[in-house]
Amino acid sequence: MAVVELPDNVAITRLDHLVSWCRKNSLWPMPFATACCGIELMATGASRHDIARFGAEVFRFSPRQCDLMIVAGRVVMKMLPVLQRIWLQMPEPKWCISMGACASTGGVFDTYCVVQGIDRFLPVDMYTPGCPPRPEQLIQSIIDLQEKIQREGTIFGREFEAPSRQRPKRALQDTGP
Amino acid sequence: MTIAETLAALNERFASLASSEFRGQTRVVAPAESLYDALELLKNCCGFDLLVDITCVDYLRYRGAKERFGLVYLLANTQSNERLTIRTPLDAAEPMVRSVVGLWAAANWLEREVWDMFGIRFAGHPDLRRILLPEEFTAFPLRKDYPLQGLGERHNFPIIRRAES
Numbered sequence: 001m002a003v004v005e006l007p008d009n010v011a012i013t014r015l016d017h018l019v020s021w022c023r024k025n026s027l028w029p030m031p032f033a034t035a036c037c038g039i040e041l042m043a044t045g046a047s048r049h050d051i052a053r054f055g056a057e058v059f060r061f062s063p064r065q066c067d068l069m070i071v072a073g074r075v076v077m078k079m080l081p082v083l084q085r086i087w088l089q090m091p092e093p094k095w096c097i098s099m100g101a102c103a104s105t106g107g108v109f110d111t112y113c114v115v116q117g118i119d120r121f122l123p124v125d126m127y128t129p130g131c132p133p134r135p136e137q138l139i140q141s142i143i144d145l146q147e148k149i150q151r152e153g154t155i156f157g158r159e160f161e162a163p164s165r166q167r168p169k170r171a172l173q174d175t176g177p
Numbered sequence: 001m002t003i004a005e006t007l008a009a010l011n012e013r014f015a016s017l018a019s020s021e022f023r024g025q026t027r028v029v030a031p032a033e034s035l036y037d038a039l040e041l042l043k044n045c046c047g048f049d050l051l052v053d054i055t056c057v058d059y060l061r062y063r064g065a066k067e068r069f070g071l072v073y074l075l076a077n078t079q080s081n082e083r084l085t086i087r088t089p090l091d092a093a094e095p096m097v098r099s100v101v102g103l104w105a106a107a108n109w110l111e112r113e114v115w116d117m118f119g120i121r122f123a124g125h126p127d128l129r130r131i132l133l134p135e136e137f138t139a140f141p142l143r144k145d146y147p148l149q150g151l152g153e154r155h156n157f158p159i160i161r162r163a164e165s
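Protein chains in written order, with this note's numbering: chain A, 1 to 177; chain B, 1 to 165.
The hints are all genuine.
Derived SDA-like pairs (lysine to any residue); straight-line CA-CA distance at most 20 Å:
id, chain 1, residue 1, chain 2, residue 2
1, A, Lys148, B, Ala163
2, A, Lys78, B, Leu148
3, B, Lys43, B, Gly102
4, A, Lys78, B, Leu133
5, A, Lys78, B, Leu132
6, B, Lys144, A, Thr111
By construction, these hints were calculated from the structure, which means they are not laboratory data.
Here chain A stands alone, though its shape is the one from the complex (with noise of 0.2 Å):
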């Protein structure tokens, strides 16, 4: 077997893997921090923690420029729809962080008003346990994220046509007496 000795500055990949390296390394933020996470989350993109470490830091308040959603605090009733549309609004292709333990199970607040966790209407890839978790666990996170932006990805989002991805993870039931 014949083998040819590449050029230095020639690498071969699958253009999957190169456009899974390129967004891993540049997702964009959107805070949706309702609560004390979302100083969690403030701290991690302050100096100390540098989430720019990440190619995470251009943290935008707009979802058309976000592609990663932090939801970083309790959603209620009234703040579920905006969130939805927030989701609606980001452009493909897209991953959620749930921070915390509000935003993944309602945490202590299982009241009428509080959604208890908000992968039960939103698709949800990455959960951070923490009440509130610190920067190193939210990075840990983006870290684990980006490892399965680089495992899964696709340049045409197949892995988001899975079906594995569109059953919703826990059963729908009413906790009411």
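Given the coordinates of chain A, assemble chain B onto it according to the supplied hints.
Relative to chain A, chain B alone:
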């Protein structure tokens, strides 16, 4: 005008207003039919120019309680720096009192909040809508017969899947 003079003026106008004092704070219990007149007297003649708060208590299953609701008005006199609490027992399926928006404009949102949370109507209110909860909400969640976890309102949203977004 001091609190004692205010109480004397109230008792002169209305025959049977029970009042009590606890740690320097005076409370007056006014029946619903004389509530508006009492508040008007306090505003116009006794100098209580600031309506601090309107709130409500649901005494369902409360030991020894006779009436279902207790409507509470907190007033302050910014000249003499005195405060007064007016309580009104309400007991009806759809309780209703007269609005005091004409006396204190601050009552507008406060009465809307009491309506939102307890379902107490305020006759003559210019815009009695829900203020905190979504408009399509049908219950009054701070009533004691409303379950803590709601009646399923928090689950009543469309589900957005990956393929649709």
